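There are 2 protein chains.
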Amino acid sequence: QRLRALFQYKPQNIDELMINAGDLIYVDPTQQSDVSEGWVIGTSHRTGCRGFLPENYTEKAHEADTWVKHREYVFETASRSFIKTEKESNVKLNGEAHNLSTSRSVTNVLPLQNAALRRGVLVMHHGERVDQVFGKSWLQQCLTADGKYYRADLNFPSSLPRQKDSMKQFECDPPLSCCGIFQSRLIGEALLDQEVTVSYVYSSPALRCVQTAQHILQGLKLNQKVRIRVEPGLFDWTKWEASRAIPNFMTVAELVEASYNIDTSYRANFPLSSLVPSESYEDYVSRSSAVIKQITTACPSKAPLAPFFAFPGVPGVILIVGHGSSLASLTRVLAGLPSRDSRDFAQVVQKIPSLGMCFCEEQKEENKWQMVNPPVKTLTHGANAAFNWRNTILED
Amino acid sequence: QRLRALFQYKPQNIDELMINAGDLIYVDPTQQSDVSEGWVIGTSHRTGCRGFLPENYTEKAHEADTWVKHREYVFETASRSFIKTEKESNVKLNGEAHNLSTSRSVTNVLPLQNAALRRGVLVMHHGERVDQVFGKSWLQQCLTADGKYYRADLNFPSSLPRQKDSMKQFECDPPLSCCGIFQSRLIGEALLDQEVTVSYVYSSPALRCVQTAQHILQGLKLNQKVRIRVEPGLFDWTKWEASRAIPNFMTVAELVEASYNIDTSYRANFPLSSLVPSESYEDYVSRSSAVIKQITTACPSKAPLAPFFAFPGVPGVILIVGHGSSLASLTRVLAGLPSRDSRDFAQVVQKIPSLGMCFCEEQKEENKWQMVNPPVKTLTHGANAAFNWRNTILED
Chain A
1 QRLRALFQYK
11 PQNIDELMIN
21 AGDLIYVDPT
31 QQSDVSEGWV
41 IGTSHRTGCR
51 GFLPENYTEK
61 AHEADTWVKH
71 REYVFETASR
81 SFIKTEKESN
91 VKLNGEAHNL
101 STSRSVTNVL
111 PLQNAALRRG
121 VLVMHHGERV
131 DQVFGKSWLQ
141 QCLTADGKYY
151 RADLNFPSSL
161 PRQKDSMKQF
171 ECDPPLSCCG
181 IFQSRLIGEA
191 LLDQEVTVSY
201 VYSSPALRCV
211 QTAQHILQGL
221 KLNQKVRIRV
231 EPGLFDWTKW
241 EASRAIPNFM
251 TVAELVEASY
261 NIDTSYRANF
271 PLSSLVPSES
281 YEDYVSRSSA
291 VIKQITTACP
301 SKAPLAPFFA
311 FPGVPGVILI
321 VGHGSSLASL
331 TRVLAGLPSR
341 DSRDFAQVVQ
351 KIPSLGMCFC
361 EEQKEENKWQ
371 MVNPPVKTLT
381 HGANAAFNWR
391 NTILED
Chain B
1 QRLRALFQYK
11 PQNIDELMIN
21 AGDLIYVDPT
31 QQSDVSEGWV
41 IGTSHRTGCR
51 GFLPENYTEK
61 AHEADTWVKH
71 REYVFETASR
81 SFIKTEKESN
91 VKLNGEAHNL
101 STSRSVTNVL
111 PLQNAALRRG
121 VLVMHHGERV
131 DQVFGKSWLQ
141 QCLTADGKYY
151 RADLNFPSSL
161 PRQKDSMKQF
171 ECDPPLSCCG
181 IFQSRLIGEA
191 LLDQEVTVSY
201 VYSSPALRCV
211 QTAQHILQGL
221 KLNQKVRIRV
231 EPGLFDWTKW
241 EASRAIPNFM
251 TVAELVEASY
261 NIDTSYRANF
271 PLSSLVPSES
281 YEDYVSRSSA
291 VIKQITTACP
301 SKAPLAPFFA
311 FPGVPGVILI
321 VGHGSSLASL
331 TRVLAGLPSR
341 DSRDFAQVVQ
351 KIPSLGMCFC
361 EEQKEENKWQ
371 MVNPPVKTLT
381 HGANAAFNWR
391 NTILED
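If you read the sequences in order, they're chains A and B.
For the first sequence, the positions run 1 to 396 when full-length UniProt numbering is used.
For the second sequence, the positions run 1 to 396 when full-length UniProt numbering is used.
Simulated from the structure, these hints should not be mistaken for laboratory data.
One copy or two, either will do: identical chains are not told apart, so a pair holds if it fits within one copy or between any two.
Below, in silico cross-link-like pairs of lysine-lysine (DSS-like), each with a Cα-Cα straight-line distance of 25 angstroms or less: (1) K168 to K148; (2) K377 to K136; (3) K293 to K368; (4) K148 to K377; (5) K377 to K351; (6) K377 to K10; (7) K148 to K60; (8) K168 to K10.
As the structure is a prediction and not an experimental result, all values here were calculated from the model.
Using the sequences and the hints, build the whole thing.
Below you can see the structure in the form of structure tokens.
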């Protein structure tokens, strides 16, 4: 077993191992019998030294990491060179200056054989929603006296999509904040950077999820190629988000009208009418379990070589944009793990940040899935408070 | 005096006024004598009703707001039509879908006469810096065993600028995080949206400030037109940020090499060599006072009609990107207010968020400045925590 150090660790005892972030550490499973909880005995690839190290300072290393240092071989396929061309004309969101020293560390190299042969399911939490920052009254803060939308803070979106009913429907189906758009775009760019092949995209019908999927696809430069399948069966546990009534979501026609890249030919497994307010936990678990099985069945491991598929012949990744609950309810069942009880479930879901993600990889045996590290890193940032210059700077 | 309601307020007493966000309220200063602290008596333009309202639910309304409802007249000048052309080809950072209902509320209309006649000084706090999120050891978290930069979290920049010395110099002069880049770009776009004419840009020599200025200019689509003047006199109180030694800032040549738009002909008022570690508060106050006077003197109210100025003949806004301390130390002296004592100063500076800003407008009498509402709204967003899928989702 090989680990990669995430952080530096300086030994505090003579029998401990010095590690730097990025170090590879070899761990012999047969030698771990006398080791206390949270520690492992390992040998550093860099120094050749051996000693105890804290396991939570490390992650499981990709198999590829142990050999790409010596020789790097790229499997050139049609789909890969296609992505390359796209990337060269890519203007990054963060718009950084051009003459930067680009240090491509070994960790950026994906195990390409795996990427080419195995299917993956990437389940993601949507980005920051406006009511998360501005509270339930966010829409009131943004309406002028004559009922027009007005951007009361720069983190509100510059406008709201047009829809048939009153603006009030967004109260139960809030959009992403600008920060949520930034988060989604950044994740899409990181997936592109890691050359992750996203072949299918599914989204909960909640506007924030469709928007997250759209901005991830834009970051991936796939927004013209892969269309979003809106699946009501992916909506949150209705006891939380729809205790009295299912929100009046934007229809597929309205989403298309608002320039979202929706797969209009997709037939949902769970039509909207099948969602019931305040469903029981058991109903939610069985809906989630059914929908993930239907999705993995509908996205075969070898897609037909047809021109309307973005990446013919490459199984690639199925991206599912849902809610915090989706990470707990979709991935464990796929990996063959039992579902949690409803109290644990609620506690787990609270901890899931914006764009938090879980990744399941199909094993050699078809329809056997295992949870592994997602193809991109975490996204961690701070909060920003509103600033009142008058109270803070002007007044004494 | 006219106020604009920022939030809805529902009366809790018979003598209070119902207000909605966006409402205009007329306040007669002669009628406020019997009003308790924090309240005003006003008349709602929308309802015609009169009553008490909480003052902190409102902001001072632009003079223009009271008449643009009836008739809108745009002063067409060379510089304005120039901006318009730029804007039409503008692809927004947040990349929103095209067919959105664009509701241009009255608050978007600037009092253009003012913009055309008066100078403004906009002092801004830089964006989120990496060490603010990841702590002092941020660089250690990002270095591989062989000393190469590696993006350990997606909020770290994708690469660091090249500079002459070791990467270690960034420990004392940290760059923006990706979130900081997002914040800066958003503010630049909002300034463009409000058609604010930025004629001069000054920055502290700290990398995070130069980067913030660069991304604001990109958001403004001015990065090819207005160059950044790096002024060491704008650096933070050295007692806080340079207690032992002045950081080894990137040189102007290095910044240019890294594609930052630097005004290489600019001669600093305070050369780097004049900064001393751990200066006294009095020295900091007098440095700040000198530098803001030198800047406003160097940017005349009527710039010469020469082709190398972006906006000939339009005084416009002087943008100063500095530190939290800059907002407190530069604007009060410009507005003729006494400086705070050092303890109050420290407390005030702590409250200033990323991209917090203060705006001073020149009065009819030249070199008389008054603090007024900045031309764009605040930016408020939440934090995002790192996510450990293994502990949260996989393990029981």
